[in-house]
Amino acid sequence: MTAALCHHDPDLAKVVKEFGVPPLWKRPQGFRTLLYLILEQQVSLASARATYERLVAKLGSDPEPEPFLCLSDDDLRGLGFSRQKSRYCQLLAEAVADGSLPLGKLGRYDDEAAKAEMMKITGIGHWTADVYLMEALGRPDVWPVGDLALAVGVEKVKNLKARPTADELQALGEQWRPYRAVAARILWLYYLNVIRPPAGGKPT
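Quick note: the sequence shown uses my numbering, first residue 11, plus one each step.
In case anyone wonders, no lab produced these hints; they're calculated from the structure.
Be aware that one or more of the hints could be misleading.
[Unchecked claim] Capping the alpha-carbon separation at 35 angstroms, the derived lysine-lysine pairs in DSBU-like fashion look like this:
1. K171 x K36
2. K24 x K115
3. K166 x K95
4. K27 x K115
5. K168 x K68
6. K27 x K166
7. K166 x K24
8. K27 x K130
9. K130 x K24
10. K68 x K115
11. K27 x K125
12. K115 x K171
13. K68 x K166
14. K27 x K68
15. K68 x K171
16. K130 x K95
17. K36 x K115
18. K24 x K125
19. K36 x K95
20. K168 x K27
21. K130 x K115
22. K36 x K24
23. K115 x K125
24. K24 x K95
25. K95 x K27
26. K36 x K68
27. K68 x K24
28. K36 x K125
29. K68 x K95
30. K115 x K95
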């Protein structure tokens, strides 16, 4: 898929030639990944990781819905959860526990249906659902237009005069169908190596 994109897009080909094929950033399917993605919203990767690691230490394992729901608001605040993210993660845990969010079945749904199921939960927006589709379900044609690093990457790699809006980014992504998620990884790779060097990890 990377080779096919690079064959048709010399700008992406330059990125791959300089920095290599992007890693297949992958996360496990399930509650813990969606919770982690909520923690990553609007904060640094380091901050989200620290909060998640404190949660794992508190629970003694990666979080599952029922044990997570046993934690009080004070417990979560002490671990670094904001009030808003505490509520979002509690709502997610309740939905997974009672089956109203059928996480185990999302792999059978098409992209839009799976995304719609996730976005029924308060606190899960386009970015969170898109990244889950890309990295947990391995969908090849997801295009997370709400991702700042992606917008900056497109701006620089395509030598645009300004950072594209979400609508503009959506339109620009059409040229990379049906492998937009692969294009996104190439653009993230550029961002991580050029825009934000020496920081490791993935864009927020």
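How the hints compare with the structure:
A distance of roughly 33 angstroms separates the Cα atoms of K171 and K36; the hinted pair therefore holds under the 35 angstroms criterion. Pair hint K24 plus K115 does not hold up; C-alpha atoms about 39 angstroms apart against a cutoff of 35 angstroms. The suggested pairing of K166 with K95 holds, with an alpha-carbon distance near 32 angstroms, which does not exceed 35 angstroms. At most 35 angstroms may separate the alpha-carbon atoms for a hinted pair to count; K27 and K115 exceed this at roughly 38 angstroms.
For the proposed pair K168 and K68, the alpha carbon gap of about 45 angstroms is over 35 angstroms, so the pair is violated. Restraint check: the Cα-Cα separation between K27 and K166 comes to about 16 angstroms, which is no more than 35 angstroms; the hinted pair holds. For the suggested pair K166 and K24, the alpha carbons sit about 12 angstroms apart, so the restraint of at most 35 angstroms is met. Straight-line distance between C-alpha atoms of K27 and K130 comes to about 41 angstroms, which puts the hinted pair past the 35 angstroms bound.
With a C-alpha separation of about 40 angstroms, the suggested pairing of K130 with K24 is violated against the 35 angstroms cut-off. Under the criterion of a C-alpha separation no larger than 35 angstroms, the hint pairing K68 with K115 is consistent with the structure, at around 29 angstroms. At roughly 33 angstroms between alpha-carbon atoms, K27 and K125 fall within 35 angstroms of each other, so this suggested pair holds. Using a Cα cut-off of 35 angstroms, the hinted pair K115 and K171 is violated, with the two alpha carbons roughly 43 angstroms apart.
For the proposed pair K68 and K166, the alpha carbon gap of about 42 angstroms is over 35 angstroms, so the pair is violated. Distance hint between K27 and K68 is unfulfilled; the C-alpha atoms sit about 44 angstroms from each other, more than 35 angstroms. Using a Cα cut-off of 35 angstroms, the hinted pair K68 and K171 is violated, with the two alpha carbons roughly 48 angstroms apart. The hinted pair formed by K130 and K95 meets the criterion: a straight-line CA distance of about 16 angstroms does not exceed 35 angstroms.
Using a Cα cut-off of 35 angstroms, the hinted pair K36 and K115 holds, with the two alpha carbons roughly 18 angstroms apart. Between K24 and K125 the CA atoms are separated by roughly 32 angstroms; this keeps the pair inside 35 angstroms, and the hint holds. The straight-line distance between the Cα atoms of K36 and K95 is roughly 23 angstroms, inside the 35 angstroms bound, and the hint therefore holds. The hinted pair formed by K168 and K27 meets the criterion: a straight-line CA distance of about 16 angstroms does not exceed 35 angstroms.
Taking the CA atoms of K130 and K115, the gap is about 15 angstroms. The hint holds against a cut of 35 angstroms. Annotation: proposed proximity of K36 to K24 holds, straight-line Cα distance about 24 angstroms (limit 35 angstroms). Annotation: proposed proximity of K115 to K125 holds, straight-line Cα distance about 12 angstroms (limit 35 angstroms). At roughly 39 angstroms between alpha-carbon atoms, K24 and K95 are farther apart than 35 angstroms, so this suggested pair is violated.
For the given pair, K95 sits about 40 angstroms from K27 by alpha-carbon distance, which is inconsistent with the 35 angstroms threshold. With a C-alpha separation of about 25 angstroms, the suggested pairing of K36 with K68 holds against the 35 angstroms cut-off. Using a Cα cut-off of 35 angstroms, the hinted pair K68 and K24 is violated, with the two alpha carbons roughly 45 angstroms apart. About 18 angstroms separates the Cα atoms of K36 and K125, which keeps this hinted pair within 35 angstroms; it holds.
Taking the CA atoms of K68 and K95, the gap is near 17 angstroms; set against the 35 angstroms cutoff, the hint holds. Proximity of K115 to K95 is assessed by CA-CA distance (about 25 angstroms); at most 35 angstroms being required, the pair is judged to hold.
The structure fails to meet hints 2, 4, 5, 8, 9, 12, 13, 14, 15, 24, 25, 27 from the earlier list, while all remaining hints are met.
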